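**Q** Below are the chains, spelled out letter by letter.
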Amino acid sequence: GAVVSQHPSWVICKSGTSVKIECRSLDFQATTMFWYRQFPKQSLMLMATSNEGSKATYEQGVEKDKFLINHASLTLSTLTVTSAHPEDSSFYICSATEATSDTQYFGPGTRLTVL
Amino acid sequence: QQQVKQSPQSLIVQKGGISIINCAYENTAFDYFPWYQQFPGKGPALLIAIRPDVSEKKEGRFTISFNKSAKQFSLHIMDSQPGDSATYFCAAAYNTDKLIFGTGTRLQVFP
Numbered sequence: 015g016a017v018v019s020q021h022p023s024w025v026i027c028k029s030g031t032s033v034k035i036e037c038r039s040l041d042f043q044a045t046t047m048f049w050y051r052q053f054p055k056q057s058l059m060l061m062a063t064s065n066e067g068s069k070a071t072y073e074q075g076v077e078k079d080k081f082l083i084n085h086a087s088l089t090l091s092t093l094t095v096t097s098a099h100p101e102d103s104s105f106y107i108c109s110a111t112e113a114t115s116d117t118q119y120f121g122p123g124t125r126l127t128v129l
Numbered sequence: 839q840q841q842v843k844q845s846p847q848s849l850i851v852q853k854g855g856i857s858i859i860n861c862a863y864e865n866t867a868f869d870y871f872p873w874y875q876q877f878p879g880k881g882p883a884l885l886i887a888i889r890p891d892v893s894e895k896k897e898g899r900f901t902i903s904f905n906k907s908a909k910q911f912s913l914h915i916m917d918s919q920p921g922d923s924a925t926y927f928c929a930a931a932y933n934t935d936k937l938i939f940g941t942g943t944r945l946q947v948f949p
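For the record, the sequence lines run as chains A and B. The first sequence begins at 15 in this note's numbering and counts up by one. The second sequence begins at 839 in this note's numbering and counts up by one.
Calculated from the structure, these hints are not laboratory results. Small disclaimer: the values here were computed from a predicted structure and weren't measured. Using N, Cα and C, we set each Cβ at its ideal position, and we do this for glycine too. Be a bit skeptical, because a hint or two may be false.
Unchecked claim - DSS-like cross-link-like pairs, simulated, lysine-lysine; straight-line CA separation at most 25 angstroms:
#1 B/K843 - B/K896
#2 A/K80 - A/K28
#3 B/K880 - A/K34
#4 B/K896 - A/K55
#5 A/K34 - A/K69
#6 B/K895 - B/K909
#7 B/K843 - A/K55
#8 B/K880 - A/K55
#9 B/K843 - B/K906
#10 B/K843 - B/K936
#11 A/K34 - A/K78
#12 A/K80 - A/K69
#13 B/K936 - B/K853
#14 B/K843 - B/K895
#15 B/K936 - A/K34
#16 A/K80 - B/K936
#17 B/K853 - A/K55
#18 A/K28 - A/K78
#19 B/K906 - B/K936
#20 A/K69 - B/K936
#21 B/K880 - B/K936
#22 A/K78 - B/K936
#23 B/K896 - B/K906
#24 A/K28 - A/K69
#25 B/K906 - B/K880
#26 B/K909 - B/K896
#27 B/K880 - A/K28
#28 B/K936 - B/K909
#29 B/K880 - B/K909
#30 B/K896 - B/K853
To be verified - Quick look at which bits of chain A chain B covers, simulated, 3 or more residues with Cβ under 8 angstroms:
#31 57 to 67
#32 113 to 125
As the list claims (entries may be wrong) - To give an idea of the interface, some chain B residues facing chain A are shown, with a C-beta separation under 7 angstroms as derived from the structure:
#33 Y932
#34 K936
#35 T941
#36 G942
Take the sequences, apply the hints, and build the full model.
**A** In structure tokens:
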């Protein structure tokens, strides 16, 4: 099956710093990638949708200047949390779809803790 | 109209029993209904998915029942095992676009 990886798997940073999270499709070309945020014991909330080579589409209430998404290639998307604050601490999960499939394949997630 | 309601919030089942999780949606444009399994600290993994043109789909011990007129669908886990203990999310999407997730059900299967 299709595999999606994320790096890092966990990160701890100081308040005010920026953190970059990578999402890679390992064995397929991802035409679309999605970024989700999940707080403890809660559901996944879609943050944004990105297509290779174009600007990401953000969900209502998600600050696009704070959560920068770049989908530079068909196998890589990055999420940068700028000027992170403790309330940004969460589990960030990406998913990817390929043109020939209707399945979203999820990455293992990245645990972000902002001190 | 974009919500997907999921119940129960938690479920305790004895080994060998049947686990049943229910979801309901409002948007009749939804045409893709997957179920995901998530273990603590991991990303969700697709279990099984269904489209509205069929009323039931079975894969191994997992079955989705779909009722288009009632706008409801459910996941049945037959012969539940302790290894099935996880959080289960239903979801819905239009044209396999953005997934709208349910609130999740925490399943615990006791030996």
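**Q** Which earlier hints turn out false for this structure, listed by number in ascending order?
**A** 4, 13, 24, 25, 29, 33
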